[in-house]
Amino acid sequence: MPARRLGGMVWEIGVLAAVGVLLAFLGLPLVSLVVRVPPVELWARLVAPASLTALRLSLETSVVATLAVMALGLPVAYVLATRRFPGKRVLEVVVELPMVLPPTVAGVGLLLAFGRAGLAGRALGAFGLSIPFTTLAVVLAQLFVACPFFVSAATAGLREVDGRYADAAATLRASPAYAFRRVLLPLALPSVAAGAAMSWARALGEFGATIMFAGNLPGRTQTLPLAVYIGLQTDLQSAVALSVVLLILAFTILIGLRMVHRFPHGAWTARAPGDGR
Amino acid sequence: MRSLLGALPCLALAAPVPRGVPPSTLTVYAAASLTRAFADLGDTLQGLTPGLKVTFNFAGSQQLALQIEQGAPADVFASADQRWMSQLVDSGLVEGVPAVFAHNRLVVITPRVGAVRRLEDLARPGVELVLAADAVPVGRYARQALAALARLPEFGPGFDRRVLANLVSDEENVKAVVAKVQLGEADAGIVYLSDVTAEVAPQVARIYIPDAANVIADYPVAVLRHAPHPDAARAFVGLLLSPTGRAVLRAGGLIPAAGD
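Going line by line, the protein sequences match chains Z and U.
Take any residue in the first sequence, note its place counting from 1, add 292, and you have its number in the numbering used here.
Take any residue in the second sequence, note its place counting from 1, add 2, and you have its number in the numbering used here.
For reference, chain U alone in the conformation it holds in the complex (with noise of 0.2 Å):
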């Protein structure tokens, strides 16, 4: 029933789509860290309003912010942080106040065998660590991660800086992150618990940071204020924040926002 009443905004658009009116493409800018949800919501979406075709942009935040105000014609923003979705706000591009639909945290991922078992190995030197460029989200937040267990007494001081002392790339999304680590070419990288999908996870393992040092991210999501299909934008939205967006965003390995 419930799931029923999130679908309601839908029906307005599924109700009369008279023949011969051209299928409308609603197109949706996210983070690429929603990649797997999104495209489960874009299915259901779809499934719910005969006539709608929805894609989608997946890259990293702060392009597809770049990409909107260089006017880019899309119907969604879903950012994986504040920052970049603020910066829209402040270019008046955004309609409404945007609503934050889910959090991530971290993960450290290494190579199925490697020579990084724990976090403190990250600092040794001679290790290969990828992270995400300090403009994507996840780069940022994995940067304050690593600020956050240098203030903690078992890593210390200075912690952050020997880590980062062996970076040896800033990738521009945190799919290229994982794909590094995946292949078996860097020895770890920082990205978000939601990215070791079922492709993934064999191919890696896990170093769980402490919750007293991880991120909590916030994901927010705004219909645009030039958005060609303002109605199927808002569908969309409603459906994200409904229970069944809630049910395919932890499917998803991410966490729902707080309540309705």
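The shape of chain Z in the complex, shown without the other chains (with noise of 0.2 Å):
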């Protein structure tokens, strides 16, 4: 009992320094960040013309993005997750490929298939649309980057959801739009809203993908990243000021996703209905 109870204390305390040296690790450069610019130096640099247009555009951008993501990804967590078919690996495969593709490598691609001379390019080409160096090109390097993001989180949530309240909602007659709509996707409602945050915060912090595919031009281009990047070259203090400017919207934004009434359970639990939630 002695011993059993200081394996207990060893286990504490050795679970209490490792959660210690994580967070002081992700932390600390957090922290450098803040304390080099002061308040009233960073309020003025965050008011200054470029750096609005950059957070306005990134805001924008990333945005649009993630509900893209949303609409073109939640069809396809639901077929991961519900169907079984021929090739769904694979399709499992490319779907998470973007996630471990450097993102310079993302944006050669997105070049290489939607740009001008580019295999997709080339036919939109025709139609008058030129996508490399538009805001457009910004959301669609987001959008790819982001992506697997959401249709983890979602496929995963979707699965989780006990099969039992898919069968009795079709016992009771309902289209599996009906069923999609009012049981399965409430239920997996938590795991889908942390994919879309998630999705949102990969979209907001892009850099690779997008001044390759999109470039780098203020007002068009430069979203808050690449303002950071290309300031830091010329002007560190306001490169800085834009960081903790960035910092602080993911923190409130991911702050304040994590009050919305469904979260305080964490993702992955799947919940019957009338549990008082």
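Bear in mind the hints are in silico, worked out from the structure with no lab data behind them.
The structure displayed is predicted, hence computed values, not measured ones.
All C-beta atoms, glycine included, are put in the ideal place defined by N, C-alpha and C.
Just so you know, nobody snuck in bad clues.
In silico SDA-like cross-links for lysine to any residue, where the CA-CA straight-line distance does not exceed 20 Å:
{"#": "1", "chain 1": "Z", "residue 1": "Lys-380", "chain 2": "Z", "residue 2": "Ala-448"}
{"#": "2", "chain 1": "U", "residue 1": "Lys-177", "chain 2": "Z", "residue 2": "Gly-401"}
{"#": "3", "chain 1": "U", "residue 1": "Lys-177", "chain 2": "U", "residue 2": "Leu-68"}
{"#": "4", "chain 1": "U", "residue 1": "Lys-177", "chain 2": "U", "residue 2": "Arg-114"}
{"#": "5", "chain 1": "U", "residue 1": "Lys-55", "chain 2": "U", "residue 2": "Ala-74"}
{"#": "6", "chain 1": "U", "residue 1": "Lys-177", "chain 2": "Z", "residue 2": "Val-397"}
{"#": "7", "chain 1": "U", "residue 1": "Lys-55", "chain 2": "U", "residue 2": "Pro-232"}
{"#": "8", "chain 1": "Z", "residue 1": "Lys-380", "chain 2": "Z", "residue 2": "Glu-452"}
{"#": "9", "chain 1": "U", "residue 1": "Lys-177", "chain 2": "U", "residue 2": "Thr-57"}
{"#": "10", "chain 1": "U", "residue 1": "Lys-55", "chain 2": "U", "residue 2": "Thr-29"}
{"#": "11", "chain 1": "U", "residue 1": "Lys-177", "chain 2": "U", "residue 2": "Phe-60"}
{"#": "12", "chain 1": "U", "residue 1": "Lys-177", "chain 2": "U", "residue 2": "Arg-107"}
{"#": "13", "chain 1": "U", "residue 1": "Lys-55", "chain 2": "U", "residue 2": "Asp-233"}
{"#": "14", "chain 1": "U", "residue 1": "Lys-177", "chain 2": "U", "residue 2": "Leu-195"}
{"#": "15", "chain 1": "U", "residue 1": "Lys-177", "chain 2": "U", "residue 2": "Ile-257"}
{"#": "16", "chain 1": "U", "residue 1": "Lys-177", "chain 2": "U", "residue 2": "Arg-208"}
{"#": "17", "chain 1": "U", "residue 1": "Lys-177", "chain 2": "U", "residue 2": "Val-202"}
{"#": "18", "chain 1": "U", "residue 1": "Lys-177", "chain 2": "Z", "residue 2": "Thr-396"}
{"#": "19", "chain 1": "U", "residue 1": "Lys-177", "chain 2": "U", "residue 2": "Tyr-210"}
{"#": "20", "chain 1": "U", "residue 1": "Lys-177", "chain 2": "Z", "residue 2": "Pro-394"}
{"#": "21", "chain 1": "U", "residue 1": "Lys-177", "chain 2": "Z", "residue 2": "Leu-404"}
{"#": "22", "chain 1": "U", "residue 1": "Lys-177", "chain 2": "Z", "residue 2": "Val-400"}
{"#": "23", "chain 1": "U", "residue 1": "Lys-177", "chain 2": "U", "residue 2": "Asp-136"}
{"#": "24", "chain 1": "U", "residue 1": "Lys-177", "chain 2": "Z", "residue 2": "Gly-500"}
{"#": "25", "chain 1": "U", "residue 1": "Lys-177", "chain 2": "U", "residue 2": "Asp-42"}
{"#": "26", "chain 1": "U", "residue 1": "Lys-177", "chain 2": "U", "residue 2": "Ala-203"}
{"#": "27", "chain 1": "U", "residue 1": "Lys-177", "chain 2": "U", "residue 2": "Ala-41"}
{"#": "28", "chain 1": "Z", "residue 1": "Lys-380", "chain 2": "Z", "residue 2": "Arg-451"}
{"#": "29", "chain 1": "U", "residue 1": "Lys-177", "chain 2": "Z", "residue 2": "Leu-509"}
{"#": "30", "chain 1": "U", "residue 1": "Lys-177", "chain 2": "Z", "residue 2": "Tyr-521"}
{"#": "31", "chain 1": "U", "residue 1": "Lys-177", "chain 2": "U", "residue 2": "Ala-61"}
{"#": "32", "chain 1": "U", "residue 1": "Lys-177", "chain 2": "Z", "residue 2": "Phe-499"}
{"#": "33", "chain 1": "U", "residue 1": "Lys-177", "chain 2": "Z", "residue 2": "Ala-409"}
Label-pair restraints from in silico Cβ distances:
{"#": "34", "chain 1": "Z", "residue 1": "Ala-316", "chain 2": "U", "residue 2": "Ser-93", "range": "29 to 35 Å"}
{"#": "35", "chain 1": "U", "residue 1": "Ile-218", "chain 2": "Z", "residue 2": "Phe-419", "range": "43 to 49 Å"}
{"#": "36", "chain 1": "Z", "residue 1": "Arg-550", "chain 2": "U", "residue 2": "Gln-48", "range": "51 to 57 Å"}
Two chains, each in its own frame: build the complex with the hints.
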């Protein structure tokens, strides 16, 4: 019994130590950024026209990209979670690939596919549509890199839902669409929302694919990460201030999403309807 | 004979390399436009100096200057303009006085088949022009050249303004500009003559800028004050300034600085 208690204490200390180390490692760079710029200066640099432009562009493109990710990703997640078919594993890998691809490589791929001289780009050119160097390109780059985050989370969430609810819905003569909308999706909502939040965060921070595919032009394609990177090379203080803005923005929105009432018990639990939440 | 003399500083390193001493690694931070020439020079120095390995960090000079200011462990810095070298000199990070070792000139490149055939076409609305950002040496030089062109009667005042209205992207180094033109995604870009290498040449067309408006880029090099390997660093700079180095620079499309 003393041995057991000692063992228990060692475990507690070990876990706390690990948590402390990780928190310190993740937190220190963030804190270093924040203390570098005094608040007064931070505000002044935030409201500078170049910063506001980059901020606005980042917000607009990341929101549009996330909505697109959800619209396109939900059907894929539904299929992956509920159906079996040959080649399913290939589809899963293809959807996950952008996550492991270095963003710059993704950018080159996008350019080779949708650029003016690209595989599909040539066809688009016939309609007078040229994608590189436009704001649309920024959205597409973000869509590409953020997709896997949403699809994996949504798929896992939909998969976790007890199959009996879908069965029950079917016996009550609900169409698949109705069952999805009113039974499956609400039960998987925490995971879906978490996936959307991760996608949005990834889209907001996207840099490599953006600069490669969309280029860098203030007002049109220079998102906040690009502005920070380019700004770094001439004016460190401004770049750090912008970084802090990005940090505060991301922190606020992620915290806000956590407070949405479906989140309290994490993303992965299926709940029976009427369980009081 | 002359190239042997140039290699003399290296002999000081080559002489006693006691067994069991780990090979030292010289770190050279150089502007992206020096990629080809410096890689060759690195090989030459490695050949002359057993036990020495030369590694490079090629990027926009502005990025390298920032990294060095933040404490990057570089031995040698070669910049594509005086601006970023001067910044390091002012910060006290440079040993001695930087030496200009090469020059470069600008050229307009376009995809082989494209809308831009002459300099005047750059000002046509709808043309997609890619330049390096103003902070990048070649980006600033390009804007200077455009301003100089606007002062010539054939182009007229406002030429530079009209050309810059066609700018679709500010790249962070010259090689990114080359890549976009090579891929056919941009209608034109302004880069160094030396950037049209043997691999690039088949995919791009060159439009020359008249000497009256072209910019002569000065490339200074210096050993850094906190260099971990100052002797190897000085050997590299010595080789760079020697006839061997000049030949390599010339082969790389650069113009070696005059006289020894």
